[in-house]
Amino acid sequence: MLSEVLSKQSCAKCGFCCSFRRQSLWELPRLPLSFAEKYSVAVNGEPVRYTFGEENGAQFAVTDLLPLYKTDDPEEEVLCPFLDPHKGCVLPPADKPFDCSIWPLRYMRMPSGECQVCLTPTCPEINRVPEERMRQLVSDGLGERIAEYAALYPFMVKRYREGFIVLS
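With positions in the sequence shown counted from 1, the corresponding number in the working numbering is that position plus 1.
Note that these hints are calculated values from the structure, not bench results. Being a predicted model, the structure only gives us computed values, none of them experimental. Treat each hint with caution, since some may be false.
Stated by the list, open to error - Per label pair, the in silico range of CB-to-CB distance:
1) Asp73 / Ala152: 12 to 22 Å
2) Asp141 / Phe53: 27 to 37 Å
3) Pro131 / Cys101: 20 to 30 Å
4) Leu67 / Val42: 15 to 25 Å
5) Arg146 / Ile166: 10 to 20 Å
6) Ser8 / Pro86: 12 to 22 Å
7) Thr123 / Asp65: 19 to 29 Å
Note that CB positions come from ideal geometry on N, CA and C, so glycine has one too.
Make the full structure from the sequences, and use the hints.
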């Protein structure tokens, strides 16, 4: 969805969005239950564990990365179980989690209650793209597609966090 501003090659080379420190576990994609049913094995052949929750009236799954950490270091990073470090994401495009497809954008509930498309300030690649270009991409239809998806899967809406750039 963001191929107009981010190349697959630069994203695959970076991989920042596919690794998680403990303090960034809130960023893990919230997945439809059908995803967890379909994908139970990681790239390395190990079982993938999920936790389950409910938000905004909808149930969802989240990949459980906690057992994969080897230390108590809060800076230790764990890769997404569907990331091959040499090939990138192994999921078919049609099954790639929506949160992953729109990264580094997030659909966030603002303190006032409305939802907005926001840009994470931490993506190294998107920081090379002018903010105005990202605003244009959102206003040219991407923001509407994100809102439509969120209407179907309301659990994907995350609470606004300070530092995210509101684009819509």
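Hint-by-hint comparison with the structure:
1. The hinted range of 12 to 22 Å is not satisfied by Asp73 and Ala152, whose Cβ atoms lie roughly 40 Å apart.
2. The hint said 27 to 37 Å for the Cβ distance between Asp141 and Phe53, and at roughly 36 Å that hint holds.
3. Between Pro131 and Cys101, the C-beta spacing of about 23 Å keeps the proposed range 20 to 30 Å intact.
4. The hint said 15 to 25 Å for the Cβ distance between Leu67 and Val42, and at roughly 18 Å that hint holds.
5. Arg146 and Ile166 have their C-beta atoms about 19 Å apart, which keeps the hinted 10 to 20 Å range intact.
6. Against the hinted window of 12 to 22 Å, the Cβ-Cβ separation of Ser8 and Pro86 comes to about 18 Å, which satisfies the hint.
7. The hint said 19 to 29 Å for the Cβ distance between Thr123 and Asp65, and at roughly 23 Å that hint holds.
Checked against the numbered hints above, the structure breaks only hint 1 and satisfies the rest.
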